[in-house]
Amino acid sequence: DAKTTQPTSMDCAEGRAANLPCNHSTISGNEYVYWYRQIHSQGPQYIIHGLKNNETNEMASLIITEDRKSSTLILPHATLRDTAVYYCIVRVAYGGYALNFGKGTSLLVTP
Amino acid sequence: NAGVTQTPKFQVLKTGQSMTLQCAQDMNHEYMSWYRQDPGMGLRLIHYSVGAGITDQGEVPNGYNVSRSTTEDFPLRLLSAAPSQTSVYFCASSYGRGNTEAFFGQGTRLTVV
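Chains as they are written, first to last, in our numbering: chain W, 129 to 239; chain U, 1494 to 1606.
Note that these hints are calculated values from the structure, not bench results. It is possible that part of the hints are untrue.
20 Å max Cα-Cα, derived EDC-like pairs, lysine to aspartate or glutamate [stated by the list, open to error]:
| no. | chain 1 | residue 1 | chain 2 | residue 2 |
| --- | --- | --- | --- | --- |
| 1 | W | LYS197 | U | GLU1565 |
| 2 | U | LYS1502 | U | GLU1565 |
| 3 | W | LYS231 | W | ASP139 |
| 4 | W | LYS180 | U | GLU1594 |
| 5 | W | LYS131 | U | GLU1552 |
| 6 | W | LYS180 | W | GLU194 |
| 7 | W | LYS180 | W | ASP210 |
| 8 | W | LYS231 | U | GLU1565 |
| 9 | W | LYS131 | W | ASP195 |
All chains, please: the whole structure from these sequences, using the hints.
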């Protein structure tokens, strides 16, 4: 699976959009981009995933650049409950099972 | 539908003791796995299973055993606990090997003294 690079930490004001970037410059054509988050002391929670098209669900939007070398997770209206560590993971859809969690981005949403 | 249930939530062991961390899922998921998370680090895969009767090693398997006799259950056994196994353990399950999301339990916080 391709390696990902994320900023260590970010801040966002409550009610504003949180934009979390992820670089995955070595991604290959059959690898998907997944986002998970981990709220303090809880198990990771799936957010969204995509291949090359932008995706949106009730939690977030995922914007993948045309060359697929980077992506951005967007939380449109961040709340205090969105404070968590966000993990960007690249994996082959029908390859190995493991999710390669790095250190992620620690997002702090402030009042 | 309870999802992925882990027991116990907290455990303190003495060095050399053995114990089993329980994991059960009620979603009829084919894939199950165990991760450990050490302070300030991401999750690392210990063992995983692609179905009943089939298990394999992950990144950090030493000191742990697993078995999968049913689809629902995937226990993790520590044969002789060591302080280096102090960690938070997460169990996860997913429907298949393809393009699917993984569901995680709430974790077991283990301290070995």
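Exercise for review: Please write out, lowest number first, the hints stated earlier that are contradicted by the structure.
Suggested key: Hints 1, 7, 8 contradicted; others consistent.
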